[in-house]
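So the protein sequences, as listed, match chains B and Z. Going by the numbering used here, the first sequence opens with residue 1, and the numbers climb by one from there. Going by the numbering used here, the second sequence opens with residue 1, and the numbers climb by one from there.
Just so you know, not all the hints are guaranteed correct.
Note that the list lumps identical chains together, so a pair holds whenever it fits in one copy or between two copies.
Stated by the list, open to error - Heads up, simulated DSBU-like pairs for lysine-lysine below, C-alpha to C-alpha not over 35 Å straight-line:
(1) Lys99 / Lys140
(2) Lys99 / Lys5
(3) Lys5 / Lys134
(4) Lys73 / Lys39
(5) Lys73 / Lys140
(6) Lys50 / Lys5
(7) Lys134 / Lys39
(8) Lys6 / Lys134
(9) Lys134 / Lys73
(10) Lys69 / Lys50
(11) Lys6 / Lys99
(12) Lys73 / Lys99
(13) Lys50 / Lys99
Read the hints as simulated data drawn from the structure, not as lab findings.
Number of protein chains: 2
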Amino acid sequence: MRVSKKTDYALRALFTLVDHFGGAPIPIRELARRNDVPKRFLEQIMLALKSQGWVRSEAGIRGGYVLAKNPEKITMGEVVRHFDGILAPIDCVSVTGYKRCSQEPVCRFRRVFLDARNYVAGIMDRSTLADVSKISPVSKHEVSGSFTGGEGI
Amino acid sequence: MRVSKKTDYALRALFTLVDHFGGAPIPIRELARRNDVPKRFLEQIMLALKSQGWVRSEAGIRGGYVLAKNPEKITMGEVVRHFDGILAPIDCVSVTGYKRCSQEPVCRFRRVFLDARNYVAGIMDRSTLADVSKISPVSKHEVSGSFTGGEGI
DNA sequence: CTTAAATCCGACTATAATTATCGTTTATTA
DNA sequence: TAATAAACGATAATTATAGTCGGATTTAAG
Numbered sequence: 001m002r003v004s005k006k007t008d009y010a011l012r013a014l015f016t017l018v019d020h021f022g023g024a025p026i027p028i029r030e031l032a033r034r035n036d037v038p039k040r041f042l043e044q045i046m047l048a049l050k051s052q053g054w055v056r057s058e059a060g061i062r063g064g065y066v067l068a069k070n071p072e073k074i075t076m077g078e079v080v081r082h083f084d085g086i087l088a089p090i091d092c093v094s095v096t097g098y099k100r101c102s103q104e105p106v107c108r109f110r111r112v113f114l115d116a117r118n119y120v121a122g123i124m125d126r127s128t129l130a131d132v133s134k135i136s137p138v139s140k141h142e143v144s145g146s147f148t149g150g151e152g153i
Numbered sequence: 001m002r003v004s005k006k007t008d009y010a011l012r013a014l015f016t017l018v019d020h021f022g023g024a025p026i027p028i029r030e031l032a033r034r035n036d037v038p039k040r041f042l043e044q045i046m047l048a049l050k051s052q053g054w055v056r057s058e059a060g061i062r063g064g065y066v067l068a069k070n071p072e073k074i075t076m077g078e079v080v081r082h083f084d085g086i087l088a089p090i091d092c093v094s095v096t097g098y099k100r101c102s103q104e105p106v107c108r109f110r111r112v113f114l115d116a117r118n119y120v121a122g123i124m125d126r127s128t129l130a131d132v133s134k135i136s137p138v139s140k141h142e143v144s145g146s147f148t149g150g151e152g153i
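Could you build all of it, start to finish, from the sequences and the hints given here?
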């Protein structure tokens, strides 16, 4: 049910680049330091982001990375999907990674997962980097306080 | 972002048992056949369900498994959480599996994951086996048709 | 033109999780 | 006592995760 570290790290780096959109390139060393990501690992991730056209790089001594597109043109959903494959909790309710399941004609819990998928896909695909960069950080204790009726999540 | 096969298989078996709640025990062989699950694998899963008090077993020639509790007293959330640990997309927004992250004071995308968590936890923890067993299967093509604005999920 | 600082590239490793399978023992009942 | 179940513990195969490493190439400054 979780997103990978790669996705997490990619988003961290991307939002740093969003903050400096239009400015000078930021080297991996700096992106890694600021976001608490292993530098050699981030290297890999940045290459992936580049191959998707989300960032551009400049080599050499004053080089580094910049955001290649307007932050309104990149969504959380695209990023998560690129690194983790699908957003859906189960393949049989995924559109991009749909796999048929023999139980579909009789399965009842599939509806619940479909609802989860629809909500998650909705917010992820509507959330552009520009939108999200304007959000203020979640306040302390807000997480542990928001129970939902069960034991939390 | 996905639920494991174990969770999937556990739910399949559980709903079969819900359908026969109050009736005679159903052997693993039958649960496996009906739900298209490898028998030896399901064996493991049933033991886990038993250890949670969700099912009871009877050995011997007329033996098998029955649901041990009223299906209104077991939720999807409990089952998913038991096999997959957490429902949250990232540890820093999980209640049961919370882990601190160094970026919390400055992280902005955390809010998006928190929203996802809250919704998913909400439906999972509100959905009892009794509720879900009354749902009719998702109709054909309903999945691929429900786009959300992006590329789907 | 040399050097320092970057990205780029491919391979590699280590660990953990996932998805099972297998052999044997114990219990039940017809 | 034979047939049919669950129970138990070990093991195995595959895949995913989370990195690490060495070296090649590019660039700008001195």
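Results for each hint:
| no. | hint | in the structure |
| --- | --- | --- |
| 1 | Lys99 / Lys140 | between (40 Å within a copy, 13 Å between copies) |
| 2 | Lys99 / Lys5 | both (25 Å within a copy, 13 Å between copies) |
| 3 | Lys5 / Lys134 | within (23 Å within a copy, 38 Å between copies) |
| 4 | Lys73 / Lys39 | within (27 Å within a copy, 48 Å between copies) |
| 5 | Lys73 / Lys140 | both (30 Å within a copy, 33 Å between copies) |
| 6 | Lys50 / Lys5 | both (18 Å within a copy, 33 Å between copies) |
| 7 | Lys134 / Lys39 | within (26 Å within a copy, 51 Å between copies) |
| 8 | Lys6 / Lys134 | within (23 Å within a copy, 39 Å between copies) |
| 9 | Lys134 / Lys73 | within (15 Å within a copy, 42 Å between copies) |
| 10 | Lys69 / Lys50 | within (11 Å within a copy, 53 Å between copies) |
| 11 | Lys6 / Lys99 | both (24 Å within a copy, 17 Å between copies) |
| 12 | Lys73 / Lys99 | both (29 Å within a copy, 31 Å between copies) |
| 13 | Lys50 / Lys99 | both (29 Å within a copy, 30 Å between copies) |
Comparing the model with each numbered hint stated earlier shows that all of them hold.
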